Amino acid sequence: MATIETGMRASVGFASKTGPRKDNEDFAGALLGAELPEPRQELIAAIADGIGGAKGGRIAAETAVRGFLDGFCDLPETMEVQRAGSKIINALNGWINTMGRQDPKLTGMGCTLTALVLRGRTAHLLHVGDTRAYRLSGERMTCLTTDHVRQDGTGRSNTLNRALGVETEVRLDYATQPVALHDRFLLCSDGVHGFLPDETIADILRERSAPEDTAGALVATALRSGSTDNCTALVLDVVALPATGSADITAAILQLPIIPVPVRGETIDGFVLTALISDGRYTRLFGAQDDIEGGIVALKFPKPEIASFDAYR
1 MATIETGMRA
11 SVGFASKTGP
21 RKDNEDFAGA
31 LLGAELPEPR
41 QELIAAIADG
51 IGGAKGGRIA
61 AETAVRGFLD
71 GFCDLPETME
81 VQRAGSKIIN
91 ALNGWINTMG
101 RQDPKLTGMG
111 CTLTALVLRG
121 RTAHLLHVGD
131 TRAYRLSGER
141 MTCLTTDHVR
151 QDGTGRSNTL
161 NRALGVETEV
171 RLDYATQPVA
181 LHDRFLLCSD
191 GVHGFLPDET
201 IADILRERSA
211 PEDTAGALVA
221 TALRSGSTDN
231 CTALVLDVVA
241 LPATGSADIT
251 AAILQLPIIP
261 VPVRGETIDG
271 FVLTALISDG
281 RYTRLFGAQD
291 DIEGGIVALK
301 FPKPEIASFD
311 AYR
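Residue numbering for the sequence shown follows the numbering used here, beginning at 1 and increasing consecutively.
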């Protein structure tokens with residue numbers, strides 16, 4: 001177990017078992033910003049699962065996790081997480097894909113990848129494949145990722161339709177979540193979540209044992225439940241958070257819903273919309289009376305169509 005000591009503090013633990021398989025093709029790791037030569041207010045964690053039946057699955061998984069952790073810390077902290085993460089993962093995808101085509105010993109190599117970056121008070125997820133990220137906030141657990149799999153017709157999904165290294169370009173999912181004190185995050189392979197119902201996973205997380213003990217309990221429970229795959233779990237507890245920064249405020253704003261576009265005469269948060277100044281494609285501008293402090297102001301409201309353009313929000 002390791003602990004960050006610089007504003008953000010988090011405890012991390014993990015467990016991994018080969019299970020009934022011959023080899024363990026899972027790989028997970030975490031890097032604490034405080035351990036870097038120049039400490040950063042970040043925690044980076046990732047998990048990867050080598051594609052079963054393909055050569056070089058373990059090499060792909062270890063390369064993906066180590067490459068993401070090392071590569072992320074080599075980039076400036078001022079670079080946006082999505083841009084930095086995508087840059088690294090695209091480079092890793094290119095290397096794995098090339099090696100899988102050129103080296104007969106690594107033919108078809110590839111892996112899943114789920115990466116978590118805690119920066120400030122925001123969690124950033126970059127994801128491809130069917131490894132998963134969960135968040136326990138209070139007593140409520142939420143799955144933060146979507147499995148990229150094809151249904152096999154029996155209700156059990158087991159064929160990846162997206163992975164790292166299988167194509168020349170990788171399609172990544174990216175999402176953000178606000179982080180609260182004492183939140184608990186879980187990264188796990190399908191050897192765990194594929195054999196445990198979400199409620200069982202949630203119950204184990206809610207016990208609030210030490211991260212390493214919790215990870216071990218998840219892996220052991222999955223194996224007792226008949227898991228036929230490698231089982232890996234990484235658990236991260238947020239112990240302390242830095243002060244709120246502008247990036248955190250921006251991330252929180254992006255989570256807010258866009259209200260229906262108001263019309264003249266409505267009152268919004270104490271402002272009476274007295275005149276429509278302009279009605280554009282993405283926004284509507286009003287003149288308004290401030291009923292609380294007095295005075296005339298201009299208010300601009302986004303239209304629902306703008307929701308898909310983060311830059312405009």
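Hints were generated in silico from the structure; no laboratory data involved.
Among the clues, some could well be false.
As a list, the in silico PhoX-like pairs of lysine-lysine whose alpha-carbon atoms are at most 25 Å apart [unchecked claim]:
1. Lys-22 / Lys-105
2. Lys-55 / Lys-105
3. Lys-55 / Lys-22
4. Lys-17 / Lys-55
So the derived label-pair ranges between C-beta atoms look like this [unchecked claim]:
5. Arg-171 / Ile-277: 40 to 50 Å
6. Thr-200 / Gln-82: 51 to 61 Å
7. Cys-143 / Arg-171: 12 to 22 Å
8. Thr-200 / Val-263: 23 to 33 Å
9. Val-263 / Glu-207: 17 to 27 Å
Nothing here was measured: the structure is a model prediction, and the numbers come from that model.
Quick reminder that beta carbons are idealized off the backbone N, C-alpha and C, glycines included.
- Message: Check whether the Cα positions of Lys-55 and Lys-22 lie no farther apart than 25 Å.
- Response: 13 Å, holds
- Can the suggested window of 12 to 22 Å be confirmed for the beta-carbon pair Cys-143 and Arg-171? 19 Å, holds
- Query: Regarding the pair Lys-17 and Lys-55, is the alpha-carbon distance no greater than 25 Å?
  - Reply: At roughly 20 Å apart (the allowed maximum being 25 Å), Lys-55 and Lys-17 satisfy the hint.
- If you check the beta carbons of Thr-200 and Gln-82, does the distance land in 51 to 61 Å? At roughly 32 Å between Cβ atoms, Gln-82 and Thr-200 fall outside 51 to 61 Å, so the hint is violated.
- Task: Starting from the range 23 to 33 Å, see whether the pair Thr-200 and Val-263 falls in it by beta-carbon distance.
- Result: 50 Å, violated
- Query: Does the hinted range 17 to 27 Å hold for Val-263 and Glu-207 at CB?
  - Reply: 52 Å, violated
- If you draw a straight line from the CA of Lys-22 to the CA of Lys-105, is it 25 Å or shorter? Cα-Cα ~18 Å, so holds.
- Consistency of beta-carbon spacing, Ile-277 to Arg-171, with hint 40 to 50 Å: 41 Å, holds
- Is Lys-55 close enough to Lys-105, meaning Cα to Cα at most 25 Å? 7 Å, holds
Of the hints listed earlier, those the structure fails to meet are numbers 6, 8 and 9, in rising order.
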